[in-house]
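*Asks:* If you want the building blocks of each chain, they are given just below.
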Amino acid sequence: MDTVKNRNLTCLLLALLGLVFFSRPLQAQPVNVEAAKKEGKVVVYGAVPPQSMDVINKPFEKKFGVRVEYWRASSTKVMDRALTEFRAGRPGFDVVEGNRGVQLIMKKDGLFTKYVPPSSEKFPDQFKEKDSLITPWRFLPISILYNTDLVKGADIPKRFEDLLAPKWKKNISIPDPSRHTTTAQFLQELEKIMGSKWMEFVKALAKQGPHMVESLASVPNVIIRGEAHVGITYVKYVKQYKGPTDYVMLDKFLADPNYMSLSAKAANPNAGRLYMEYVMSSDGQKAIAGEGEFVLYPGVNPDIRDAEKVAARTIFMESPTEEEFKKLREDFRKIFFGK
Amino acid sequence: MNHTAVLARIRDWPVRAFRRDPQKLVVLSIAALIAYLSLSPTLMLFYGSFLSKPLGVPGEFTLSYYLAAYSDPLTYQLLINSFVFAGGSALLSTVLGTVLGWIAVRTNAPFRRFFELTAVIPNIFPPLMLAVSWAILLNPRVGLINLFLKNLFGLEQAPLNIYSMTGMIFVEGLITTPLAFLIISAGLYSMDPSLEESARVAGSGNLGVAWRVTFPVVRPALLAAATLNFVRAIESFDTPAIIALPARIEVFTTKLYRETIGAYPPNYNLAATYAVLLLVIAMFFVYLYRRLTVRSERYVTVTGRGYRPNIIDLGPWRYVASGVAALILFLIVVLPFAVLLYTSLVQYVHVPGEKTPGLLTLEHYHFNLTDSRTYRALQTSVFLAVVGATLCMLLAAVTSYITAKTKTAGRGIIEGLTFIPWAFPGAALAIGLLWTYVYIPLPIYGTIWILMIGYITRFLPYGLRSMTSTIVQIHDELEDASKTCGAGFLATFRRVLLPLMRPGFIAGWIILATIYLREFSTSVFLYSPGAEPLGPLLYNFYADGYFGPMSSLAVIVSLISVLLIMAARRIGKVGGQFEGG
Chain A
53 MDTVKNRNLT CLLLALLGLV FFSRPLQAQP VNVEAAKKEG KVVVYGAVPP QSMDVINKPF
113 EKKFGVRVEY WRASSTKVMD RALTEFRAGR PGFDVVEGNR GVQLIMKKDG LFTKYVPPSS
173 EKFPDQFKEK DSLITPWRFL PISILYNTDL VKGADIPKRF EDLLAPKWKK NISIPDPSRH
233 TTTAQFLQEL EKIMGSKWME FVKALAKQGP HMVESLASVP NVIIRGEAHV GITYVKYVKQ
293 YKGPTDYVML DKFLADPNYM SLSAKAANPN AGRLYMEYVM SSDGQKAIAG EGEFVLYPGV
353 NPDIRDAEKV AARTIFMESP TEEEFKKLRE DFRKIFFGK
Chain B
432 MNHTAVLARI RDWPVRAFRR DPQKLVVLSI AALIAYLSLS PTLMLFYGSF LSKPLGVPGE
492 FTLSYYLAAY SDPLTYQLLI NSFVFAGGSA LLSTVLGTVL GWIAVRTNAP FRRFFELTAV
552 IPNIFPPLML AVSWAILLNP RVGLINLFLK NLFGLEQAPL NIYSMTGMIF VEGLITTPLA
612 FLIISAGLYS MDPSLEESAR VAGSGNLGVA WRVTFPVVRP ALLAAATLNF VRAIESFDTP
672 AIIALPARIE VFTTKLYRET IGAYPPNYNL AATYAVLLLV IAMFFVYLYR RLTVRSERYV
732 TVTGRGYRPN IIDLGPWRYV ASGVAALILF LIVVLPFAVL LYTSLVQYVH VPGEKTPGLL
792 TLEHYHFNLT DSRTYRALQT SVFLAVVGAT LCMLLAAVTS YITAKTKTAG RGIIEGLTFI
852 PWAFPGAALA IGLLWTYVYI PLPIYGTIWI LMIGYITRFL PYGLRSMTST IVQIHDELED
912 ASKTCGAGFL ATFRRVLLPL MRPGFIAGWI ILATIYLREF STSVFLYSPG AEPLGPLLYN
972 FYADGYFGPM SSLAVIVSLI SVLLIMAARR IGKVGGQFEG G
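Sequence lines, in order, name chains A and B. Under my numbering, the first residue of the first sequence is numbered 53, with each subsequent residue one higher. Under my numbering, the first residue of the second sequence is numbered 432, with each subsequent residue one higher.
Note that these hints are calculated values from the structure, not bench results. Among the clues, some could well be false.
To be verified - Covered by chain B, per the in silico footprint, the following chain A stretches (three or more residues, Cβ under 8 Å):
#1 101-108
#2 207-216
#3 257-267
#4 287-293
#5 301-312
#6 349-361
As the list claims (entries may be wrong) - One-sided excerpt, in silico: chain A residues whose CB lies under 7 Å from chain B:
#7 Ala-140
#8 Arg-142
#9 Lys-219
#10 Asp-228
#11 Phe-253
#12 Val-254
#13 Lys-386
#14 Gly-390
Just so you know, even glycine gets a beta-carbon here, dropped at the ideal spot from N, CA and C.
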């Protein structure tokens, strides 16, 4: 009887030990540089403009002799292509980059394999993913941008609520939240800043008759050419767009995190791992920060005024479910297009 | 007959069938090819529209997408907006294209050859870019034309507002005028002016001749231009995105985009469901077009009696005609091109003023000319434009012969088939192609050939319209004479019909080559890493706010297009051969 009890106890202990061992986040995995070189190329699908990614891709190619084939589209188009190829059993990609929402959908469909680039171990703990299937590598804080030739001194808004003043009527540019996913997500996430009054703000914003455009990337051009004097968009555009713009230092910034993931059926898995590791390394993160991107490597900030303060005040946005998104967009259509 | 002999007869059947009736075999082959091109992506999409999940994911048969799409009253409200938008812009473009075509091709107005060459330039710009140019010119706050008019007349308010339904019709009409011009001018080139001469001898004035003779003869071309531009406007995403959003005007494609392509995650099953409606609309217009041109004998003008078109002497009115053509070209070419040139030469877009000299730069051109990605994109797109347009026009020539000149059963079906993929929004068609070639075990997916197939499939109707409006004017007696002299079908087609179709062929080739050079909505889904065509590159510049590099590349591409057009016209010898008749 005692023997049986002891055996059960041993099994229980072993199971507990196993649980403890296997439930730990996956440790960073070393990269086999020689194997990556033998593979010779890595295919990356991503949403970052190629001219920005060149600051990573070109030095990577030079350093390791591994060619980078980069296919660029919006996050959702990247997801479309990756999912279609994967489901057909013909994935053409080794690494996929995109925002959190699309990465979660692809993860759910089993597109990725676990991989923790060693350099990402240095990222702040709160940004690490427990399942190690997707790795954050940059984030995109949102603020108010304004035309510095047309808006000066006391007129500069200090918080989102200031945009409701009569002087901004028909003078604000935002993406149409009934068609632009990140904007819909951002307006809902304003709850984290404004509490339950967020919806009142959205309705008042709609009454201001904003100049609506297709995406956050279109907003700075409207501001620069003076069609609207202020707008809601990514902070990074003050660096990436030429023209008289600056951003408002807010108490809190909502940000869209972007991730990189390794394909579960990568044709060049070692080159994929090497590429991800290079992107997360100090060199890679500094290079992309030089293009105005906010990154996660400690002490690395973009060349934007008070970027470290922005980073310190940033809250990552949550991704609503598909159903929540659908409902949000329908609500926003009624609010912004209702007669 | 023994077993081997039967097998041999079966094996030799195609050879014997070809020898006996080559025309039938050509018809069958073309029908099979067109059916394959148009039906393979379409059927994939249709199949997807009845599935609850995307292709490749286990799902069940459902009608829920159809119920959701067509039980919503908003669908029909927005469809009315779309009809107003598309009808207005098709009318405007056809009127402008006709006036410009008639002046450039059939009159002795000064500078007519220059007008003809420049009229097609806007066709090479992505429509999105032209819409942005007009927003820069006519927005109510800082629109350059509005500022000019306000200063000139001391006005308080901007007199013009691009962000309205009228603005949308105006912009879309101007964007599609070059297409109307090309189709109509091909029809005008092919007509025999002896009819006009007869009318003139009978006492008609120039306007009377134009109204009673020229207009009815080129009616197939007018209808073709109006039909194509109407359908293009109905399925247009770009003009509504730039002009309608700030105006808060919704059209059918606004809803389609919001619920399908722009949804989270995108829902192509629903996109296919909506596309069915676009398809029905397109098919209705094809039917209407065929009804109105079915008695093509009425328009037959190129006969064996002589083919010497000449030009009309307008006397002193020729200067007025030049003025009208110049005004149209000022609107469709000069103003948008001036905006592009301006944005390509300044660091950022601003109202020109004191600070402009300090912001002038050539850095955007330097960026393009030293960027290896731009060179690769140019190579890819020029290849697709030249080879793709040639293949597509050859296919269009044979197809239009079958549909317009033979009594083959099912020729209407062949023509209808070509319109199917075209009625789908480019993005939805691209997904259909993606689904097709990712599942079909052919070495096409991930190569430049999937783009080629996509381009030919989507834009075949453009080539077809251009060819058909020319071919219906060629009388059967020429073909009959050739056959009587012993020439077979292929020899007759190559030596008699193809040369006579040349104006339509070249006009169609120019339309296609200029579109292929900057095609975006299909390419963006299908291009492979390392083989990015110009369309996605230009669009990505726009989307990323790189206005300067986008504009300078557009200027470079426009120069390449002009070279292509000049080469095509030289090879086709369009223009010179008809003069002086």
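*Asks:* Taking the hints in turn, state whether each one holds.
*Replies:* Status of each hint after checking the structure:
Proximity of the stretch 101-108 of chain A to chain B, defined as three or more residues with a beta carbon under 8 Å from a beta carbon of that chain, is established by the 3 residues found. Under the rule that three or more residues need a Cβ within less than 8 Å of chain B, the assignment of the stretch 207-216 of chain A is violated, with 0 such residues. Note: the stretch 257-267 of chain A has 5 residues with beta-carbon separation from chain B under 8 Å; the three-residue rule is met and the coverage holds. Counting residues of the stretch 287-293 of chain A whose CB lies closer than 8 Å to any CB of chain B gives 3, which reaches the minimum of 3, so the coverage claim holds.
Given as covered by chain B, the stretch 301-312 of chain A fails the check, having 0 residues with a CB less than 8 Å from a CB of that chain where 3 are the minimum. As drawn, the stretch 349-361 of chain A meets chain B at 0 residues by the rule of a beta-carbon pair under 8 Å; below three, the given contact is violated. Among the interface hints, the one on Ala-140/A holds; its C-beta lies about 4 Å from the nearest C-beta in chain B, closer than the 7 Å criterion. Interface hint at Arg-142/A: satisfied, since its Cβ lies 6 Å from the closest Cβ of chain B, which is below the 7 Å cut-off.
Nearest Cβ of chain B to the Cβ of Lys-219/A: about 14 Å, over the 7 Å cut. The hint is violated. A distance limit of 7 Å between C-beta atoms decides the matter here; for Asp-228/A the minimum to chain B is near 6 Å, and the interface restraint holds. Among the interface hints, the one on Phe-253/A is violated; its C-beta lies about 19 Å from the nearest C-beta in chain B, farther than the 7 Å criterion. At its closest, the beta carbon of Val-254/A sits 16 Å from a beta carbon of chain B; the interface hint therefore is violated under the 7 Å criterion.
Interface hint at Lys-386/A: violated, since its Cβ lies 11 Å from the closest Cβ of chain B, which is beyond the 7 Å cut-off. At about 10 Å, the closest approach between the beta carbon of Gly-390/A and any beta carbon in chain B exceeds 7 Å, and the interface hint on this residue is violated.
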